[in-house]
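Taken in sequence, the protein lines are chains A and B. For the first sequence, counting from 1, position 1 maps to 276 in our numbering; every step adds exactly one. For the second sequence, counting from 1, position 58 maps to 64 in our numbering; every step adds exactly one.
Treat the hints loosely; a few may be bogus.
[What the hints assert, rightly or not] Okay, derived cross-link-like pairs now, SDA-like style, lysine to any residue, Cα gap no bigger than 25 Å in a straight line:
hint, chain 1, residue 1, chain 2, residue 2
1, B, 267, B, 61
2, A, 337, B, 98
3, A, 353, B, 130
4, A, 337, B, 108
5, B, 130, B, 112
6, A, 337, B, 133
7, A, 353, B, 254
8, A, 353, B, 102
9, B, 156, B, 102
10, A, 353, B, 104
11, A, 353, B, 75
12, A, 353, B, 137
13, A, 337, B, 145
14, A, 277, B, 95
15, B, 271, B, 137
16, A, 353, B, 271
17, A, 353, B, 59
I should point out that these hints are in silico values taken from the structure, not numbers from a laboratory.
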Amino acid sequence: MKVCITSKGDSPESAAENRFGRTPFFVIFDDETGEVVEAINNASANDASGVGPKVVQMLVSKGVNVVVTGQVGGNANKGLEIAGIPTYAFGDAKTVADAYAAYKAGTLNRIV
Amino acid sequence: MNIVVASGKGGTGKTMVSVNLAWTIAQSQKITLIDCDAEEPNVHLFYPGDENVGPVTMDVPEVDSEKCTLCGACGEFCRYGAISVLTDTVMFQPHLCHSCGGCMLACPVDAITEVPRRIGMITKSEPSPTLTVISGILDEGEIAAPAVIKAAKEEGEWEGVSVLDGPPGSACPVIETMEGADVCILVTESTPSGLADLKRAARLAEALGVHTGVVINRSDGEDAPTLEFCAEEGIPVLLTIPFDREIAAIQNRGGILCSEKEEWKEAFMQLYEDALSIAGGTA
């Protein structure tokens with residue numbers, strides 16, 4: 276299963292990013308191995324509008340199964356819901372690795 | 007001859023000036039008054055009894071799920087994120103759609119057709135043989151005000167004189183209203199925000215190549231900063247309406263100042279003539 280975490284940088288040591296659609300990077304873990312399989316530079320981060328649905332479509336095409344982020348806007352929320360991607364808020368986690376660990380520990384609140 | 011009434015700041019008296027100007031012109035010739043403030047149309051408060059003459063629609067995509075292969079081409083094309091292909095379905099969010107038709111062209115299997123979606127309506131009334139009133143009304147929660155304004159302008163298009171009551175601000179709805187204007191009357195008030203927003207509206211009109219004149223409304227006599235700005239920019243101040251309880255009372259009960267006060271009818275006739283001369287003298 277692929278777990279996608281919004282991030283300010285391209286590695287697990289990067290700070291977790293609060294924004295979903297406009298996050299600079301998505302760091303994707305394979306939760307069977309616990310390894311990072313891909314860090315995606317978000318091409319839609321600076322688009323004028325409709326960023327949320329565009330990002331959801333991109334994540335769907337990458338086969339992402341779970342999203343961990345800070346918060347999600349209305350358009351993205353609808354997209355994640357329709358795509359059937361459970362989404363969790365990383366809360367106090369500082370880095371991407373922290374957020375991933377918290378997700379694995381099952382302590383995060385589900386927001387979508 | 008299109009005379010647009012705009013302001014930048016909301017609540018300065020655009021509708022008051024539009025309604026009185028149109029009423030005054032209608033005493034001697036045929037005229038059309040078009041309410042282009044599609045988000046908050048208020049001209050109908052002065053001329054009740056308007057009738058719906060039809061919806062304003064935007065074309066939006068409809069996906070034939072039998073033909074769709076979920077390839078994602080439409081979603082990749084759409085820069086507004088209005089259409090997205092998600093796992094086993096196509097999600098369409100109408101409020102994000104700009105009606106460009108691009109998704110239809112991008113679809114490799116012709117699964118997308120365009121269907122009309124209502125975003126507002128046009129109403130019309132003829133309160134007197136010489137006055138036609140048209141309003142563009144955007145449905146609540148919709149965002150495409152310019153499309154409704156455009157439809158209202160088209161409904162009211164004719165070779166004679168039209169007064170267009172514009173929306174506040176200095177963005178797309180005002181730009182759509184000012185497009186093709188012969189002259190723009192900017193209504194302001196003697197407050198710091200009235201002046202700040204007047205400057206924005208004046209810059210917009212200049213950028214669109216529309217000549218302007220200013221009406222100072224609810225003047226408390228302390229108009230020096232406004233007069234200074236107008237003098238610097240070479241914008242004539244055409245009329246000053248005082249902060250006056252009697253005028254406010256007429257306005258507040260839906261009355262038309264010029265129909266009750268002869269001196270204001272004369273002042274608005276002069277405003278019309280001045281507007282014509284700013285526009286280049288062609289009526």
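Hints and how they fare:
no.	hint	in the structure
1	B:267 <-> B:61	violated, 38 Å
2	A:337 <-> B:98	holds, 20 Å
3	A:353 <-> B:130	violated, 38 Å
4	A:337 <-> B:108	holds, 24 Å
5	B:130 <-> B:112	violated, 39 Å
6	A:337 <-> B:133	violated, 61 Å
7	A:353 <-> B:254	violated, 47 Å
8	A:353 <-> B:102	holds, 13 Å
9	B:156 <-> B:102	holds, 19 Å
10	A:353 <-> B:104	holds, 19 Å
11	A:353 <-> B:75	holds, 22 Å
12	A:353 <-> B:137	violated, 48 Å
13	A:337 <-> B:145	violated, 38 Å
14	A:277 <-> B:95	holds, 20 Å
15	B:271 <-> B:137	holds, 16 Å
16	A:353 <-> B:271	violated, 55 Å
17	A:353 <-> B:59	violated, 35 Å
Violation of the numbered hints given earlier is confined to hints 1, 3, 5, 6, 7, 12, 13, 16 and 17; the remaining hints are satisfied by the structure.
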